[in-house]
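Here the protein sequences line up with chains E, X, U and H, keeping their order. Residues in the first sequence are numbered from 1 upward in steps of one, following our numbering. Residues in the second sequence are numbered from 1 upward in steps of one, following our numbering. Residues in the third sequence are numbered from 1 upward in steps of one, following our numbering. Residues in the fourth sequence are numbered from 1 upward in steps of one, following our numbering.
Hints were generated in silico from the structure; no laboratory data involved. Bear in mind that the values here come from a model prediction, so they are computed numbers and not experimental data. Note that the Cβ used here is the ideal one computed from N, Cα and C, for glycine as well. Be aware that a few hints might be false.
[Claimed, not checked] Straight-line Cα separation of at most 16 Å, EDC-like style, residue types lysine to aspartate or glutamate; simulated pairs:
1. E:LYS6 to X:ASP205
2. E:LYS75 to H:GLU101
3. H:LYS6 to H:GLU237
4. E:LYS233 to E:ASP247
5. H:LYS75 to E:GLU101
6. U:LYS118 to X:GLU126
7. X:LYS17 to E:GLU9
8. X:LYS369 to X:GLU8
9. X:LYS17 to E:GLU8
[Claimed, not checked] Chain H residues, not near chain U, derived (Cβ > 12 Å throughout):
10. THR56
11. ASP324
12. LYS360
13. LEU395
[Unchecked claim] Footprint (simulated), chain U over chain H, 3 or more residues, beta carbon under 8 Å:
14. 2-12
15. 291-297
There are 4 protein chains.
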Amino acid sequence: MARNIKVEELLQTPIEKQRIELVERKGIGHPDSISDGLAEAVSRALCREYISKCGTVLHHNTDETQIVAGRSSPKFGGGEVLQPIYMLLVGRATKEFEGVELATESVALQAARNYLRKTMVNMDLERDVIMDCKLGTGSSDLRDVFKRDRVPVANDTSFGVGHAPFSELENIVYNTERRLLTDLKSRMPAIGEDMKVMGLRDGEDIALTICSGMIGKYIDDLDSYINMTQEMKIYVEELATHYTERDVNVYINTGDNLKTSCVFLTVTGTSAEMGDDGSVGRGNRCNGLITPNRPMSMEATSGKNPINHIGKIYNLLSTQMARDIVKQVPEVQDVYIRLLSQIAKPIDQPLVASAQIIPKEGTSFEKVKSEAEVVIDDWLSNVTKITEMVIRGELNTF
Amino acid sequence: MARNIKVEELLQTPIEKQRIELVERKGIGHPDSISDGLAEAVSRALCREYISKCGTVLHHNTDETQIVAGRSSPKFGGGEVLQPIYMLLVGRATKEFEGVELATESVALQAARNYLRKTMVNMDLERDVIMDCKLGTGSSDLRDVFKRDRVPVANDTSFGVGHAPFSELENIVYNTERRLLTDLKSRMPAIGEDMKVMGLRDGEDIALTICSGMIGKYIDDLDSYINMTQEMKIYVEELATHYTERDVNVYINTGDNLKTSCVFLTVTGTSAEMGDDGSVGRGNRCNGLITPNRPMSMEATSGKNPINHIGKIYNLLSTQMARDIVKQVPEVQDVYIRLLSQIAKPIDQPLVASAQIIPKEGTSFEKVKSEAEVVIDDWLSNVTKITEMVIRGELNTF
Amino acid sequence: MARNIKVEELLQTPIEKQRIELVERKGIGHPDSISDGLAEAVSRALCREYISKCGTVLHHNTDETQIVAGRSSPKFGGGEVLQPIYMLLVGRATKEFEGVELATESVALQAARNYLRKTMVNMDLERDVIMDCKLGTGSSDLRDVFKRDRVPVANDTSFGVGHAPFSELENIVYNTERRLLTDLKSRMPAIGEDMKVMGLRDGEDIALTICSGMIGKYIDDLDSYINMTQEMKIYVEELATHYTERDVNVYINTGDNLKTSCVFLTVTGTSAEMGDDGSVGRGNRCNGLITPNRPMSMEATSGKNPINHIGKIYNLLSTQMARDIVKQVPEVQDVYIRLLSQIAKPIDQPLVASAQIIPKEGTSFEKVKSEAEVVIDDWLSNVTKITEMVIRGELNTF
Amino acid sequence: MARNIKVEELLQTPIEKQRIELVERKGIGHPDSISDGLAEAVSRALCREYISKCGTVLHHNTDETQIVAGRSSPKFGGGEVLQPIYMLLVGRATKEFEGVELATESVALQAARNYLRKTMVNMDLERDVIMDCKLGTGSSDLRDVFKRDRVPVANDTSFGVGHAPFSELENIVYNTERRLLTDLKSRMPAIGEDMKVMGLRDGEDIALTICSGMIGKYIDDLDSYINMTQEMKIYVEELATHYTERDVNVYINTGDNLKTSCVFLTVTGTSAEMGDDGSVGRGNRCNGLITPNRPMSMEATSGKNPINHIGKIYNLLSTQMARDIVKQVPEVQDVYIRLLSQIAKPIDQPLVASAQIIPKEGTSFEKVKSEAEVVIDDWLSNVTKITEMVIRGELNTF
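With the rest of the complex left out, here is chain E:
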């Protein structure tokens, strides 16, 4: 059956030429990101458990972790968590299959604790965290849906959106958090995983406001703190030059009051230890960013089952489509994908697959159009590839 693919030319100021652009990324230790990470870790663990015990992924959605902040008393050279952070894993999972009972809650709990241990390296799981779990069973037996001999049908009437390529600012914001945590942190362990990078481009001026929960035990005193944030600033300024020729100003922890030594210190690297709650789906979209100048979906990508949940698959898929179109069709300036499902229809047959394309100046939209259609159609023909990539952990969801 032919797919309903609609590629149209978008008449719009391309993002780089718009006057104001806003981009945000929450670091992996932000309470909302921790929630996303836990939700996705649990879903992946369930997928593996289901495959191992039942030969196929069974119905589940674990996209609702709630984090209730603790209390802490951070200090230079030490500090402690006073009241543990409470983390509640929430969702649905199939608990029985052909007479076999499945250890869904235990698997979820273990996966969550493992994820946290790997991600939040300064969190003491024995005393800083209460990990709770409420997994219900689903609304019905979707076993048939999950059979792999045909394309699954959509769980809902819902949509996903994606765009490409990243703007300069998007690249800077994304990589600032990534490089601070994967590169600079290796020699400056005081950098906390809870980070918020807010980028504002006003014409040709870029301002990066970084809020980073520094880890007290690695910092001797205020001087040391000032030196570190200064080094971070220089690091980010240098990093930005790889992505832009615009002026970039970097501001770190602007809420600090150095006179009163009231600075952004943490014990564990996340503000969830002290007053900041978190939940799934309220932070980064699946491309790793929050981009109010771009179309976005409200659907949480993390934690949903990767078999038939449109809120996950179509967000990931549209992002892959957009990136491939940009890669394979050089005349594309900006592309926006929107995929809309209809409940109970095969997921390779969306109600509409819409692409809006801004061609580069001087290029023909018609050529672009047909090439983009091919990319979209190919991806839809291979939609279950997204499922496999998710299970293998090859696609980020936040």
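Since the structure of chain E is provided, determine the placement of chains X, U and H on it from the hints.
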């Protein structure tokens, strides 16, 4: 101090002329909307309690309700909830003020139960719901921030977005849910508050897919069910003619299987009774819609304190600004507002207040620009009016 | 099959002649008693639900309610609960029977809330209490056990104990709480349901220490409070004369400090509102008392299923046996019953039914022995009568 | 001030001469014992934390752990926990002292997890357990009470009871559990910590019914299981000969059905993994036993603060007194101690310290009386020694 207001002309296909447009609204009984509603009801109740006991609103944010679905056994003519829906109110609140202890948790609990009783009229609060509450104290004493003799300073570096006017599709989607619940429901009590209206405009064709959890006890049998959904369809089709001349097709509960009598029935009017979890900030934006063709903010508006939380105030404010610009500047076709705060700066002095305007064909952007600037500047001068409107319950947040 | 009934003469100073006797009763509003009451109310409601839906009582045990105290700010003439009391219903219940799903959690929740509303008349269930529920399924399907065509088999190797008659002090302590709450409270609503009556008999002197959480809203001021406790004292002194000719001294709220107005006030009538946690099985035994001069069982009677749970049935049964022996065999001074079950054996065939009897002076033990055996044997032959009395609510469990 | 010590002669059949005697011990892995152990571990950790941070023990009571059973699928050679056991630590603790905030919840959580890891060696804390914690603050600031320059005053009007010496049956029951777990288990790791030893002496015949949750992964098959329980039986029979010359019959897991291979297997060593809930204070008294032929107190000893909580101190103290009297006064056959406090009076001045003594045949009660009084008075003079022993972990509480 002069404000940093940037009004630019946006070169873009106006929304009504884009080929594909998607708009969604989750009804007030959708698990995500219930979460939003509870969060906001709690915040309003705390505001009133603080004013009554302390003369001023104190620091709080209660924007993190988590709903864990129950289990139910719906039936024509009856049905019952088997396992109660678990609702966890989460957030921060000031519990002591000048030596007086405040009943924050009790106030929150009562407000939440009252809200639910009023909103979900078929839910039996004695047996269908477990209402739990975990309110911590905040990260620091923000009392100074909340003094009313000067403009509060921003709690965070964050942004809000808004647009106006509503497109035809936006109007249809929004009013479909509103009128079904406020008008048709008065004579057809079987309509559940949990509704999802998904609108797709493909050129001149509009498809409305409505998913509505019907309430079993008001429906005798399958025939009766079919008659009711048919009546709803006719009602919505007629309603749509008030907003558009385009073709409108309405689809209700397309997931139903009439042969097996497997239809979307509920006991209480919400799918939270059976398998659908919910949380704050994952549904409608503060204008009541999810609009992937429009800029959106990821910030949850519901439950945040209305004094200095940018994630609430700037989303509400930018929407008001956009609506007033459209009202006062007739040459404006579409306007998009983005307000970006800087932590610890007065909220009437955003880092940038950006407006992107598509003028109507044949009008002068320059005239529009200056008039829009006046509207924006006026609103910023009167920013605390938003606070007052929130406390009085005059602004919806979802 | 002949039953293993062992009646022996006990050579022991009868209770009334022992020098020191201690007796305690916790009022129905004591946090431990509330837990007991909730547990039993839930079990009764489940019994009724099972009978109504399945024709027979199914396996359940709900004997583990946990109460976590709230915070309150009591005052003369008013006061309020600041943080709700958290009550967690815990236990096991059969959730499915021959394909029918049963509303166990909803039934439990409703029963608990109803019980609380009736028992704690000054508690506002909308804001003073969070009622939570965690009912698992049992360790195995005990359906066969619950068939009514034969005597059920014991769920465990366990025992129950009972004695009769009540001593003077036991009568006084028991009736003090009962009459204060059922009689005096009707004209003095300030008496809280949370009461602890501690009786000490030292030879011929009886001291009753009563700790009673008075309800602030019914008391204007300290003078009024003093008058009320004085009236209570007089009331109890008069009451005691119905049971003893010994000297009785009554002390009420001896922890009060009248100079600092630091007295035992509550908002709701129970100290669970402020600092006193509670759980099942830690207060009164099933005869309503705690009696360290008498044999006791550690088994919680409340909340266990009345079909085959020895910890419930044998405690109730041995108390009934003891009372009937005293009633029917006038030569008995004191009798102590101990019933020991063996797991998986019919409950009318205890491993041993032991009676220790102190005959009245000058009477023949042999006559007493055979008459007591008959009472015991009769009760064992009609053991399921206990089950029926429990379900009908005719037997107290605390 | 002279103390109110009352030593009386008890005319009573000594325990060894009573016809029927019942004694029970719950093993350290029984759900009720785990609750006791967690509660006491938390209290000890808080004592140490308070001393380390504040120089003195501050007010706390953590005597209310609630265990909600999980689900498991035990097997010979393996098995797994399907749903984690939920453990809720409940109590009160001082969270602030002279401006210093104390990490009470974190300390509690860590202590609980450590205790569990050491006690339940086959429990995987990463996936088998959810450890939750709700510690409130107390009803008032008892700091003054806790000053060490004078004897603390009683927190309540309450009592403790103790007796000595152990009867033969008490010794057998107590040591059966102890030796199985500390000696035989070292070469038979399949013995689970969840054990219930029920002893019945009927005249000269002793029956020990042992219910022991065997650990599947150490047992190959049913034959192996049968061999092990047989070896346990022989071990206990031999052990009993050290304490009695009476006939002892040992029954292990009499609920097993060998034909259907339905035997008492566990994954973790405790039935809390599958259907058995638990809570503090419902199992062993502080002497390690449940003894319905002896006076008992209902007060939970575990988890209460060891400074002024009568429910803890007087139970431990009366047991120490009884044991010392037996040791130092050889003419004592049986001694029963009851200590009754009065709220707000120094704990070395009980309202009454009652001893009931059965002297050995042919000995003078008068001599015994005065010697016993000395022991009692000495202990009361040194009552705070109990506190120190508790903090140092030298006294068991269950």
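A quick look at each hint next to the structure:
1. E:LYS6 to X:ASP205: Answer holds: E:LYS6 to X:ASP205 is near 14 Å, not above 16 Å.
2. E:LYS75 to H:GLU101: holds (13 Å)
3. H:LYS6 to H:GLU237: Judged against 16 Å, a Cα distance of about 41 Å means the pair is violated.
4. E:LYS233 to E:ASP247: holds (14 Å)
5. H:LYS75 to E:GLU101: holds (13 Å)
6. U:LYS118 to X:GLU126: holds (14 Å)
7. X:LYS17 to E:GLU9: holds (11 Å)
8. X:LYS369 to X:GLU8: holds (7 Å)
9. X:LYS17 to E:GLU8: This hinted pair holds, its Cα atoms lying about 11 Å apart.
10. THR56: holds (20 Å)
11. ASP324: holds (20 Å)
12. LYS360: The claim stands: H:LYS360 keeps its Cβ more than 12 Å from every Cβ of chain U (closest is about 16 Å).
13. LEU395: holds (20 Å)
14. 2-12: n = 5 at 8 Å, threshold three: holds.
15. 291-297: holds (count 6)
Checked against the numbered hints above, the structure violates only hint 3.
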